[in-house]
Structures are given as structure tokens and as C-alpha cells.
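Here is how the chains run, residue by residue.
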Amino acid sequence: MEISRRSLLGTAALGTAAATLPVTRARAQGKPVIKIGVLNDSSGPYRDTGGKTSFICTQQAVEEFKSHLNGYDVEVIYGDHQNKPDVGAGLARQWYDRDGVDMILDVPTSSVALAVAGVAKEKNKVHINIGAATADLTGKACAPCIVHWSYDTYMLAKSTGGATVKAGGDTWYFITADYVFGQQLQRDTSAFVTKTGGKVLGSSAYPFPATTDFSSFLLQAQASGAKVLGLANAGGDTVNSIKQAKEFGLTMDIAALLMFITDVNALGLETAQGLHLTESFYWDMNEGTRAFTNRVKPKTPDNWPNMIHAGCYASTLHFMKAINKIGPAAAKAAGSNIVDAMKSIPTEDDAFGKGRIREDGMAMFPSYLFQVKKPSESKGKWDYYKTIQTTPAEEAWRPLNEGGCYFIKS
Amino acid sequence: MLMVLGYNLGPLLAQSVLGLINGAFYALLSLGLAVIFGLLNIINFAHGALYMLGAVVAWVLLNHLGIGYWPTLFLAPVIVGAFGVLLEKVFISKLYKLDHLYGLLLTFGIALIVEGLARNEFGSSGMDYAVPASLRGATRLGFMIMPTYRAWVVVASFVVCIATWLVLEKTKVGATLRAATENAPLVQSFGVNVPRLITLTYGAGVALAALAGVMAAPVYSVNPSMGSNVIIIVFAVVVIGGMGSILGSILTGFGLGLLEGFTKFIYPEGSGVVVFVLMIIVLLIRPAGLFGKAT
Numbered sequence: 001m002e003i004s005r006r007s008l009l010g011t012a013a014l015g016t017a018a019a020t021l022p023v024t025r026a027r028a029q030g031k032p033v034i035k036i037g038v039l040n041d042s043s044g045p046y047r048d049t050g051g052k053t054s055f056i057c058t059q060q061a062v063e064e065f066k067s068h069l070n071g072y073d074v075e076v077i078y079g080d081h082q083n084k085p086d087v088g089a090g091l092a093r094q095w096y097d098r099d100g101v102d103m104i105l106d107v108p109t110s111s112v113a114l115a116v117a118g119v120a121k122e123k124n125k126v127h128i129n130i131g132a133a134t135a136d137l138t139g140k141a142c143a144p145c146i147v148h149w150s151y152d153t154y155m156l157a158k159s160t161g162g163a164t165v166k167a168g169g170d171t172w173y174f175i176t177a178d179y180v181f182g183q184q185l186q187r188d189t190s191a192f193v194t195k196t197g198g199k200v201l202g203s204s205a206y207p208f209p210a211t212t213d214f215s216s217f218l219l220q221a222q223a224s225g226a227k228v229l230g231l232a233n234a235g236g237d238t239v240n241s242i243k244q245a246k247e248f249g250l251t252m253d254i255a256a257l258l259m260f261i262t263d264v265n266a267l268g269l270e271t272a273q274g275l276h277l278t279e280s281f282y283w284d285m286n287e288g289t290r291a292f293t294n295r296v297k298p299k300t301p302d303n304w305p306n307m308i309h310a311g312c313y314a315s316t317l318h319f320m321k322a323i324n325k326i327g328p329a330a331a332k333a334a335g336s337n338i339v340d341a342m343k344s345i346p347t348e349d350d351a352f353g354k355g356r357i358r359e360d361g362m363a364m365f366p367s368y369l370f371q372v373k374k375p376s377e378s379k380g381k382w383d384y385y386k387t388i389q390t391t392p393a394e395e396a397w398r399p400l401n402e403g404g405c406y407f408i409k410s
Numbered sequence: 411m412l413m414v415l416g417y418n419l420g421p422l423l424a425q426s427v428l429g430l431i432n433g434a435f436y437a438l439l440s441l442g443l444a445v446i447f448g449l450l451n452i453i454n455f456a457h458g459a460l461y462m463l464g465a466v467v468a469w470v471l472l473n474h475l476g477i478g479y480w481p482t483l484f485l486a487p488v489i490v491g492a493f494g495v496l497l498e499k500v501f502i503s504k505l506y507k508l509d510h511l512y513g514l515l516l517t518f519g520i521a522l523i524v525e526g527l528a529r530n531e532f533g534s535s536g537m538d539y540a541v542p543a544s545l546r547g548a549t550r551l552g553f554m555i556m557p558t559y560r561a562w563v564v565v566a567s568f569v570v571c572i573a574t575w576l577v578l579e580k581t582k583v584g585a586t587l588r589a590a591t592e593n594a595p596l597v598q599s600f601g602v603n604v605p606r607l608i609t610l611t612y613g614a615g616v617a618l619a620a621l622a623g624v625m626a627a628p629v630y631s632v633n634p635s636m637g638s639n640v641i642i643i644v645f646a647v648v649v650i651g652g653m654g655s656i657l658g659s660i661l662t663g664f665g666l667g668l669l670e671g672f673t674k675f676i677y678p679e680g681s682g683v684v685v686f687v688l689m690i691i692v693l694l695i696r697p698a699g700l701f702g703k704a705t
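Here the protein sequences come in this chain order: A and B.
Under my numbering, the first residue of the first sequence carries the number 1, and numbering increases by one thereafter.
Under my numbering, the first residue of the second sequence carries the number 411, and numbering increases by one thereafter.
Since the hints were derived computationally from the structure, they do not count as laboratory data.
Note that CB positions come from ideal geometry on N, CA and C, so glycine has one too.
Where hints are given, some of them may not hold.
Stated by the list, open to error - Derived DMTMM-like pairs (lysine to aspartate or glutamate); straight-line CA-CA distance at most 20 angstroms:
| no. | chain 1 | residue 1 | chain 2 | residue 2 |
| --- | --- | --- | --- | --- |
| 1 | A | Lys52 | B | Glu592 |
| 2 | A | Lys321 | A | Glu75 |
| 3 | A | Lys297 | B | Glu531 |
| 4 | A | Lys373 | A | Asp253 |
| 5 | A | Lys35 | A | Glu75 |
| 6 | A | Lys299 | B | Glu531 |
| 7 | A | Lys299 | A | Glu359 |
| 8 | A | Lys321 | A | Glu348 |
| 9 | A | Lys325 | A | Asp340 |
As the list claims (entries may be wrong) - Interface residues of chain A toward chain B, partial, derived using beta-carbon atoms under 7 angstroms:
| no. | residue |
| --- | --- |
| 10 | Ala205 |
| 11 | Gly249 |
| 12 | Gly268 |
| 13 | Trp304 |
What the hints assert, rightly or not - Counterexamples of contact, computed for chain B against chain A with all Cβ distances above 12 angstroms:
| no. | residue |
| --- | --- |
| 14 | Gly526 |
| 15 | Ser535 |
| 16 | Met537 |
| 17 | Val583 |
| 18 | Val629 |
| 19 | Val632 |
| 20 | Lys674 |
| 21 | Ile691 |
Chain A extracted, bound-state conformation (with noise of 0.2 angstroms):
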């Protein structure tokens, strides 16, 4: 009896303590150390869409460069921000403050990102956000010390809603999480849509989080005969909103705003058939994606990289690079410095290719709209889009002057 609730609180205790020790160490006497910190949702509900797998991409960047490191070592330290503002806010003080952390890395949850992203903009730190969809961070929220990389709500709305309207699906209802992330999303799409000559129905707000069954809101969306439905949600809600959609035998096309490949796995290619979403990298798309993902595989085999888990890789990678132009000296003095330099270096790796930081902090890379497989069309495990539009990275992303971000001169 007693033994078990000993394990038991031990089990807990080492949980709590992989979350904040450091793990990657790449450090000889001596040399200046640039410390990152990857910050995400290590036990809830975008566990698997960021999660460790984030912390594994980037700790695999910064083996990959080892060798190139000009002068300097880096070391990745991880730590959960449980989706809430106050507690990421909290984490990126200490880090940057006592920790000497000079890059905080993913942050998902758009109002945790904001949050951290105030903290940065404070202290001239570099923060580099890949997880979190809000496109404030290139906007209203810029800073000279902030990139954001992978996707955000415009590029996805793009891509997805204006696809989907060309194709024909030209009336639309939207069902829709209420709170920042959702009204965005359903905000940016609901203008593409309305751009490109379609017509938004109706839209159903629900209570986020807590909320299971969209039953209500699926009978709701076909009574008003559009003829899509844009889930404005993500993770676990798309997932049930997509499976029940298929019970209640909706005949809308489904447009999944926001939707990753960890998604499409939990739902299964008998539902997920058929869907169109929208992300920047694929697994499967090139000889450089296949041997990125060839090399992370093993250590995460459960969990395959999706854009996020790309983007931690790609822009670790670049950030290093950027060191390596200024040295650690400068590096060191400011955030604003590194991005600087961030920016006037193109970017090339594995992941995405070539590319490019724009002046407000964007990382300019093409979207790809994906249908997924029919269960047989799929290969093997995990083999479950095909491209069906690429969107050139000078069209993908909010026009540079509209974003309203303070230090460009429209």
C-alpha cells in the first residue's frame, strides 16, 4: 500500500522535474552560452500539435550546427505555460531575467503568446513564435525582437477559405470557439470569402473550453443550406465537430481552418477523407522534408513532425545562423540585434527550403493546401495528404503595409 503511493507521487515528482530541467547541453569551459527556451503546453490539450516533440526538433537544430557554432555554445531548456497568459508571462520573466535565456521558442495559445510576447518586446529579447495562430504578432503586437514562423490566421484563411470558394463553395456558416483565436479565424475567413464573391450564412460562437458535443451546431449549420461549413477551432473540437459531422450525415464540404497532421492521425482516414486544411510543411512533400523527418523520427515515433514541430527546427537553425553573423558579444546586448539579423540573412533548410524574413518579423515561406487520403490511397502510417494548390510565399501572407505594425513605413 505504501509502496504504491510512493511510486505514484514519484512518478509525479519526476514529471515535474523533466519539465524544467535542462536536457541539451553542447558546452565546453569558457565559451558564451545562448540558452533557448522552448515554451509550450507539455500536458494539455496541444500537447501533441507542440509538446515535447517541439523540444525534440529544436535540440535536433542544435545538433545538426553543433560543428558550425562560431564561439559560443547552446544549450534548449523546456517548460510547460499550461495555456495560461499569467503563468507563460511569469515563465519568460524568470527565464530572461535569472535564467540568461535569450530565445524563447513556440509558445502556442494566442493569448499566451501575446502575453510573452509583451515580455520580449520589455526586456529586447528575441522571441521566435511558431505554435500560436494570431497574426497580431507580425501587427498590432510587432516588435523589432519578434519573428513569427509557420503559419497565422490569415495565411491559413487564405488559403483555405479562398480555395474553397473558387472551387465553388461559395455560401458558408461557421462554427466557431469563442475566444480570441476562433473570432480571428472566422473574422480573416469570413472576408476572404466575402472577397472572392461568397456569402457567410450564419455562424454558431460556443463556449470554449468544456465543450464536447456539436450535434446542436452541426444540424443548425445544414438547416441553413450553406454549402460549407468552416470549423473556426482547433485540436480536440475539430476533431469531435469533424466525426460527429460524418454520424449526423452532414452534406456540406467541410473547410478544417486550422488542422495538423497530429489531427488528421487521431481522427483516422475513414473520417478524415476528403477534408482540405491548410499547412506550411509536410512530411512527405520533398527529398528535404522526408530527410528531416528521417532523422527526428526516432526520437519521437508517436508523434511525426507537422508545421510547428518544422518550424522549431527551421528557425533554431536560423537563429543560429544569425548568431554566427554577429557574434555572441552583440548577441548578447540585445534581441533586436539577433532578428536584425535574422532578417538580412535568406533562410535554407531542410523543412522549408528557401526563404526569407520580412521586415515586420514574418518568416515568408509558400502555404499548401492538403486534402487528406482516402484510406486507399494512404501507403503506410502517417501518408495522408495530397497537395492540391500551392500559394507562393509573396501572396501567402498579409500584405506588409496592412498589418499595422508600428516600425514599417507604409
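Fit chain B to the given chain A structure using the hints.
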């Protein structure tokens, strides 16, 4: 279309049916809670985690041992029920003499540990559990499409609720159980092993939660957080129905499902709070709940 006084009743009817389906889960879950509270005086906060465990066990049985839905409907409650018996023996039985609060804190802690371990093992995206072949398909009702599986959930849950109520209220076992909670020494003097009876009752309440979990698996994804989403509403159901009232929790479960369904139709943003608004009103007017006895 069903037209009454110029109104189209179709959508309203459809929402009522959907409400009843959700109500079926609320009723089944609050039933287990009410049994445990009514007979053991334990506020079982681990109920949601045990419901989740029922779904997870169903998924493991299917994917690792190839055991299908129908045997699982029996096996998962037995397995999770046995886990419940273990919990009661090792932890909960130590707390009967103390204030309710201790039981609440203990079971809340158990819920957090069970959920954390499940999330660590199975991830947070959820796992797919297919609807059994014999319950696939749907029926056109004119005003909506009724998936066969959901109809089965409503019927099965209703039957289980009524059966549980009958066992507790109309049989000798039920009478003994109720007597044991009123005056344990007296019942013990008749040769009844009261501690064992109580342990088994907790196990049975937990088995009911696990049964709800198995039934929920094909409707929602099997997800480690599925329990924490529903447990708060189920507590509200028990409070509104009257703590410990078996019939109260059954009727309130179905009733609140309906109420929530209508709210989702009229004002979706409010569907998350309507149950709690009602709970506050009931607590103000009838503190013992709609079907509870004032003490």
C-alpha cells in the same frame, strides 16, 4: 416540415432529441455519483476520470486485444469497477469518519493523477473508436437524421438508470444497503458484512461511470480530458436533482440535457452557463435540490 401556427417545429424537435442524447450521458454519470454520495457520503470527484478510464480501457481492449464493443460493454465496467474497489479499500475507506471535504480532496487528487498518467501514455489528441458495425447507419426522421448509435445510447442509458433505481428502491439488497448507511452497527448485527457492502457499492458506482465511458467512446474521441469536461456539469446535475437522490439525478440528467439543447439553439454562447444559472436558482429556492429531502 412540421408547421404549427406558422412556425417550423422541425429544428426545435431536432434540438430536443439531441438534448436527450446528451442528457442520457448526464443521467448515467450523475446516477453513479448519486449512488456513491447517497450511500457512502463521499463526493466522488474522481468520477470523470473513471468515466474516461472506461473509454480508454475500451480502446485498449479493441486495439491491443481485439475485443469488440459488445464484450467490452461488460468487461470495461468490471475492470474499472475493480480499480474502484481497490481505490475504496486503500484510500477512501480511511475517510468515512472525517468531513466530506477530505473525500473531495482525495478523489480530486486521484482524478488529477489518473488523467495525468493517461495523457502521458496516450497523448492529448484523442484516439478514434469506431461505431460497432451493428449500430452503424442512421434513420431519416423527417426533421433530422438520427444516427442509430445515438438512439441506442438513449435507450440503453434509460434502461440502466431504471434498473439501478429498481434495485436500490425495490429489492432486498437495496433495502439492506440503505439500512446500512442509516445504521451500520444494527445491520451488522444481522450478520451483514457492511464494509464489504460499501466497498462493492463504490465499485458499482464506478462501474456505472465506466459504462458511460464505453458508450461515449464512439461518439466523442477517446481523450484523456473527456472526463474533466463533463464532470462539472454532472455535479451540477446532482446538486439540482438533490444530493444523493437516485430518481432526482436521472430525471435532472435528461431534463438538463434538454435545457442545454434548447439553449444551444437559441443562444449558443450561453449553453456553457445555463446549467449553472439553473443550479444557482435551485439552490436559492430549494437548497436541498428538486428531489432532495431537506435535513
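Tested hints:
no., hint, verdict
1, A:Lys52 <-> B:Glu592, "violated (52 angstroms)"
2, A:Lys321 <-> A:Glu75, "holds (15 angstroms)"
3, A:Lys297 <-> B:Glu531, "holds (18 angstroms)"
4, A:Lys373 <-> A:Asp253, "holds (15 angstroms)"
5, A:Lys35 <-> A:Glu75, "holds (5 angstroms)"
6, A:Lys299 <-> B:Glu531, "holds (16 angstroms)"
7, A:Lys299 <-> A:Glu359, "violated (35 angstroms)"
8, A:Lys321 <-> A:Glu348, "holds (10 angstroms)"
9, A:Lys325 <-> A:Asp340, "holds (11 angstroms)"
10, Ala205, "holds (5 angstroms)"
11, Gly249, "holds (5 angstroms)"
12, Gly268, "holds (4 angstroms)"
13, Trp304, "violated (12 angstroms)"
14, Gly526, "violated (7 angstroms)"
15, Ser535, "violated (4 angstroms)"
16, Met537, "violated (7 angstroms)"
17, Val583, "holds (30 angstroms)"
18, Val629, "violated (8 angstroms)"
19, Val632, "violated (10 angstroms)"
20, Lys674, "violated (4 angstroms)"
21, Ile691, "holds (19 angstroms)"
Of the hints listed earlier, those the structure fails to meet are numbers 1, 7, 13, 14, 15, 16, 18, 19, 20, in rising order.
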